[in-house]
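Protein chains: 4
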Amino acid sequence: MEDKILDSIIKRVEDEPYRKKFGMELVELEYGYSKVKMTFKEDMENIFGMAHGGAIFSLIDEAFETASNSHGTVAVALSMNITFIKPPSRGDVLFAEAKETSVSRRIGTYDITVKNDVGDLIATCQALVYRKKDKLPFL
Amino acid sequence: MEDKILDSIIKRVEDEPYRKKFGMELVELEYGYSKVKMTFKEDMENIFGMAHGGAIFSLIDEAFETASNSHGTVAVALSMNITFIKPPSRGDVLFAEAKETSVSRRIGTYDITVKNDVGDLIATCQALVYRKKDKLPFL
Amino acid sequence: MEDKILDSIIKRVEDEPYRKKFGMELVELEYGYSKVKMTFKEDMENIFGMAHGGAIFSLIDEAFETASNSHGTVAVALSMNITFIKPPSRGDVLFAEAKETSVSRRIGTYDITVKNDVGDLIATCQALVYRKKDKLPFL
Amino acid sequence: MEDKILDSIIKRVEDEPYRKKFGMELVELEYGYSKVKMTFKEDMENIFGMAHGGAIFSLIDEAFETASNSHGTVAVALSMNITFIKPPSRGDVLFAEAKETSVSRRIGTYDITVKNDVGDLIATCQALVYRKKDKLPFL
Chain A
1 MEDKILDSII
11 KRVEDEPYRK
21 KFGMELVELE
31 YGYSKVKMTF
41 KEDMENIFGM
51 AHGGAIFSLI
61 DEAFETASNS
71 HGTVAVALSM
81 NITFIKPPSR
91 GDVLFAEAKE
101 TSVSRRIGTY
111 DITVKNDVGD
121 LIATCQALVY
131 RKKDKLPFL
Chain B
1 MEDKILDSII
11 KRVEDEPYRK
21 KFGMELVELE
31 YGYSKVKMTF
41 KEDMENIFGM
51 AHGGAIFSLI
61 DEAFETASNS
71 HGTVAVALSM
81 NITFIKPPSR
91 GDVLFAEAKE
101 TSVSRRIGTY
111 DITVKNDVGD
121 LIATCQALVY
131 RKKDKLPFL
Chain C
1 MEDKILDSII
11 KRVEDEPYRK
21 KFGMELVELE
31 YGYSKVKMTF
41 KEDMENIFGM
51 AHGGAIFSLI
61 DEAFETASNS
71 HGTVAVALSM
81 NITFIKPPSR
91 GDVLFAEAKE
101 TSVSRRIGTY
111 DITVKNDVGD
121 LIATCQALVY
131 RKKDKLPFL
Chain D
1 MEDKILDSII
11 KRVEDEPYRK
21 KFGMELVELE
31 YGYSKVKMTF
41 KEDMENIFGM
51 AHGGAIFSLI
61 DEAFETASNS
71 HGTVAVALSM
81 NITFIKPPSR
91 GDVLFAEAKE
101 TSVSRRIGTY
111 DITVKNDVGD
121 LIATCQALVY
131 RKKDKLPFL
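Residue numbers (the numbering used here), protein chains in the order written: chain A, 1 to 139; chain B, 1 to 139; chain C, 1 to 139; chain D, 1 to 139.
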């Protein structure tokens, strides 16, 4: 059963310290695809009382991490280019979706978008991983 | 006295919810320049027990936010391109330095680097703001 | 008739020196959308006899330029993030498609992809313009 | 003599079709460093009579290509993030300088800047290569 990989990631994410810090939830995970949910809460505010860029990026990176490791070998983030489109409102439920745009032996590329629960586009991201030969250590 | 702007930002950052969430410290702030410090702690770990990309980005974004707002008018982040060079070790004290590379009437550009306390390069970032006419609301 | 804008751009592109230099063709132009065609020829080769990154980027930028100026006011490119997926083969006919992902009063964002004529993804790009108030000077 | 690598690249660049297309000159080449010169000419103009983004990027990419291949093994461009700071004037002599910011077994990262001959910053770029094991084929 190949789904052992996805199951292992789901379980591992459950215990991930950074995920807990933000109250993020892994909503969906497929090979090369992931969807993660997070509510924009008060402790994520910046000096203007808006969502800190770091919070939005963290949500993006969680989707990216899970999607890019879904093939069962370790994926190392190389670069990420984030564009901020529209600031979310306090209390907004945000969803990041990571989709694989290409995958070769050593490199994987991903498009990640963040939307709120009425579908407004909040941010987009283009990201790149280096794919190691090593299997995920927690399989 | 123009330093009123920098003083206001420093005070505001002191109370910033997101800064507190990460235990970040604004070490230095000048016009177009900022240095922020953060210790890589357990609650910042990803599924591999390494620093989550979101944590490193958050540190970068804090330096970017403070440097780009240092001229006293509101700067809105448009895009950020982060390259991950070397993962930090648990307990590492990390420093992000944001330097303005250009500033025009409406656009500001910044280079941000993250290093650990022995000077290893952890990540680099190229970032862009839109500069509004509005004064910082908390001046 | 609003199509005067698109017609003016199409005519202007016809005379554009850089377009001619590469033998690019504007295949389709709508508000916030553009498709440009280019054949990868010998004079676009790099030191490995492959397509120079500059040639692929030039095609992307042509689609970006035309799509972002299609609203009739001057759009100034701020930043572009290109990811190279797969090198084209000599003689490949390449198509760049630029799609607007968001447009506000002052900022527009675009996703641009390059494919060859059998649909292989060659490169992707995320790009940003500053939208001036000025009408296109050649309208 | 290790300079055989640099000499081979210099010679190969001399014959590079794309370099000739733009009249670029490789001014300096060291391990992990390159400087390339180009004059902004009429055939590089866009629909506004300004320098086409593709021309500026081409100059950047030429410096990036030569710097990243200077270690003697094949470097494949993965991603490049360009920020446009100031448009050059017709006739401007432009210089792109590529500096290696990090190099590991498989990945190299570079900062590239473009300046005109009075030192104005025209554009900056952050770029990434995948380093193959293969030696340069023309050594």
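No lab work stands behind these hints, which were simulated from the structure alone.
Any given hint could be a false lead.
Which copy is meant is left open, so a pair is good if it fits within one copy or across any two.
[What the hints assert, rightly or not] Here are the computed lysine-lysine pairs in the PhoX-like style, where the Cα-Cα straight-line distance is at most 25 Å:
(1) Lys115 to Lys133
(2) Lys37 to Lys132
(3) Lys115 to Lys135
(4) Lys4 to Lys115
(5) Lys37 to Lys133
(6) Lys133 to Lys21
(7) Lys86 to Lys135
(8) Lys4 to Lys86
(9) Lys86 to Lys132
(10) Lys133 to Lys20
(11) Lys21 to Lys132
(12) Lys41 to Lys133
(13) Lys41 to Lys4
(14) Lys133 to Lys86
Status of each hint after checking the structure:
1. Neither within a single protomer nor between protomers do Lys115 and Lys133 lie at most 25 Å apart by alpha-carbon distance, with minima of 33 Å and 28 Å respectively.
2. Proximity of Lys37 to Lys132 under the C-alpha cut-off of 25 Å is found in neither arrangement, the shortest distances being 28 Å within a copy and 31 Å between copies.
3. Neither within a single protomer nor between protomers do Lys115 and Lys135 lie at most 25 Å apart by alpha-carbon distance, with minima of 32 Å and 29 Å respectively.
4. Taking the shortest alpha-carbon separations for Lys4 and Lys115, neither the intra-copy value of 29 Å nor the inter-copy value of 35 Å comes in at or below 25 Å.
5. In the homo-oligomer, the alpha carbons of Lys37 and Lys133 never lie at most 25 Å apart, since the shortest distance is 30 Å inside one protomer and 34 Å across protomers.
6. Neither within a single protomer nor between protomers do Lys133 and Lys21 lie at most 25 Å apart by alpha-carbon distance, with minima of 30 Å and 35 Å respectively.
7. Taking CA atoms no more than 25 Å apart as the test, Lys86 paired with Lys135 passes between copies only; the shortest distance there is 20 Å, against 38 Å inside one copy.
8. In the homo-oligomer, the alpha carbons of Lys4 and Lys86 never lie at most 25 Å apart, since the shortest distance is 38 Å inside one protomer and 30 Å across protomers.
9. In the homo-oligomer, the alpha carbons of Lys86 and Lys132 lie at most 25 Å apart only across protomers (15 Å), although the nearest pairing inside one protomer, at 35 Å, exceeds that limit.
10. Taking the closest pair of Cα atoms, Lys133 and Lys20 never come within 25 Å of each other, the shortest separation being 29 Å inside a single copy and 38 Å across copies.
11. Within a single copy, Lys21 and Lys132 get their C-alpha atoms no closer than 28 Å, and across copies no closer than 32 Å, so neither meets the 25 Å cut-off.
12. Taking the shortest alpha-carbon separations for Lys41 and Lys133, neither the intra-copy value of 38 Å nor the inter-copy value of 28 Å comes in at or below 25 Å.
13. Taking identical chains as interchangeable, the C-alpha atoms of Lys41 and Lys4 are never at most 25 Å apart, the minima being 33 Å within one chain and 30 Å between chains.
14. Taking the closest pair of Cα atoms, Lys133 and Lys86 come within 25 Å of each other only across two copies (18 Å); inside a single copy the shortest separation is 38 Å, beyond that limit.
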